[in-house]
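Residue numbers (the working numbering), protein chains in the order written: chain A, 1296 to 1556; chain B, 448 to 705.
Bear in mind the hints are in silico, worked out from the structure with no lab data behind them.
Quick caveat, the model's predicted, so the values are computed rather than measured.
For glycine and all other residues, C-beta sits at the position ideal for the given N, C-alpha and C.
Be careful, since some hints might not be right.
Which stretches of chain A does chain B cover? Using the computed rule of at least three CB atoms under 8 Å from a CB of chain B, they are [unchecked claim]:
1) 1357–1369
2) 1372–1380
3) 1395–1407
Pulled from the structure, derived: some chain B residues nowhere near chain A, Cβ distances all over 10 Å [what the hints assert, rightly or not]:
4) 547
5) 559
6) 574
7) 618
8) 664
FRET-style restraints, in silico, Cβ to Cβ [what the hints assert, rightly or not]:
9) 1430(A) <-> 615(B): 27 to 37 Å
10) 694(B) <-> 1401(A): 31 to 41 Å
11) 468(B) <-> 1401(A): 51 to 61 Å
12) 552(B) <-> 1354(A): 40 to 50 Å
13) 1401(A) <-> 698(B): 20 to 30 Å
14) 619(B) <-> 1430(A): 24 to 34 Å
15) 459(B) <-> 1537(A): 53 to 63 Å
16) 528(B) <-> 1311(A): 33 to 43 Å
17) 520(B) <-> 1404(A): 38 to 48 Å
18) 619(B) <-> 1362(A): 27 to 37 Å
19) 551(B) <-> 1462(A): 23 to 33 Å
20) 1446(A) <-> 619(B): 49 to 59 Å
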Amino acid sequence: MSADVTFRGVDFAFGTAQPVLKDLDFQVGNGEFFVLLGPSGCGKSTALNLIAGFEFPTSGEVLAGGKRIEGAGRDRAVIFQDSDSLYGWLTVLDNIAFPLRVTGAPRPERRERALASVKLVGLHGHEGKYPAELSGGMKQRAQLARALVLDSPILLMDEPFAALDAQTRSILQDELVQLNIHMKKTVLFITHDIGEAILLGDRVGIMRAGPASAIKEFIDVRLPRPRRRGSAEFGELYERIGQSISDEVRRALQREDSLLS
Amino acid sequence: MRTAARDHHGRISWFGYAASLAAVLTLWQYGSSQALIPLLFPSPISTWRTAVHLAQEGRLVTDIAASLQRIAIGFAIGCFLGVALGILMGSFRTVRLLFEPYVQFFRSLPALAWIPAAMVWLGTGEESKVALLVYTTVFVIALNTMIGVSSVPLNQLRAARTFGATRWQLFYMIKAPATVSYMLTGMRLAMGNCFATIIAAELLAPKAGIGYLIFSSRSWMQTEFAFVGIVILGVLGLLVDRIFHLATTRAFARYLPR
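All chains should be modelled from the sequences, with the hints used to inform the complete structure.
Structure, rendered in structure tokens:
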């Protein structure tokens, strides 16, 4: 089954308010790592909610694997920015096995597959802990392990590293790159961090400042992996994307000022 | 985990409680000695003597058992109804819209106001007393449970939906366990209500009970009986609350916020 994602002429508004997204059009190819980059409030998380099936477009269509999205589904795993999506009353291992409990897999299989997922993200030794006992980075690892346990072909990541300290963030970014070299998932990754976008993405879509946002520009990142943050090519790309996005950030700030005054 | 610092702190606070208790008892003793008619303001010593006397007669145990049994039955029924109502109100918007105004209305209306109605409808037997205790239990538990169900983090439910969870799975795998701590808070408040209401309930022609002990004293000018009843009720309320809290925090530890 193909695991591509398509947005075709998508508008989205909450009720009768100004539209958050207007005529959003893009496609993520099978096995592609696509990064949606934009200033805060530009509606990038809303785009992710549409593909996840948590929200529905006001007009236009969103497709996964060629099929119109009817709601959330096992073909699309989500990793949230906040680790509050982990279940506080379950241990790390039970959290990771949770999707298999939902699907009704037998207990030994649940354990075996959850342990495999634990190993994949480097959480061994923490299986018996509760989420509240984990650091921020470990919590996001647990979320990733849980998202991987059903082996969904599409991964949707909503600023998963934004709340972490810089060191932990950079370690997790590198680990994600290593992981996806083997997994070859179709990934839609949301971020406002230019460096993160270049480090991770095959392609970056820069969004305009909201409201009525859509993609302003696509940029191919043709650097071999693993990428080095200090390299000259990295710096050039950073500069170029930075210029493109700073106009949007300025517009977003101006809008906030005018709202405040 | 028990730490040295905490043990030290614990000892200090126990010493503090003991000192404060001694001071209050002394003050009480002094106050009653200053009363014009000692009969109307029994001292702690005479209250203690009366308690011992009542205990020897066997009456004290009967009264305590009668009250606790009523509380246990009313509280249990109230918990069951309150949790069920709260879950329905938290899960379904229409149920919430339909019931919340009434739950809020009755929550602040004391059981005492229902005594005449309870007497007319249910008579003066056990039914009316238990009904008042159920009444004082249901609404506070329903409200807390409702708040719990509706404050489950959205991401927890969304994540489960990506795993393909059905409505029923969302309920028993997430909403129910995520709400346990809210239910327990509601139950603790309700237990307090029960101890306040039992006295009112036992105004209804009782044969035994702490409320009976307190009210029967009036007709014989035996003020000591009332004081024995007051002290016992207060101590029981405190003990039951501590036991409930300790037992539930141990039994449901994984469901409580850390």
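query: Where does the structure disagree with the numbered hints, that is, which hint numbers, in rising order?
result: The structure conflicts with hints 19 and 20, although it agrees with all the remaining ones.
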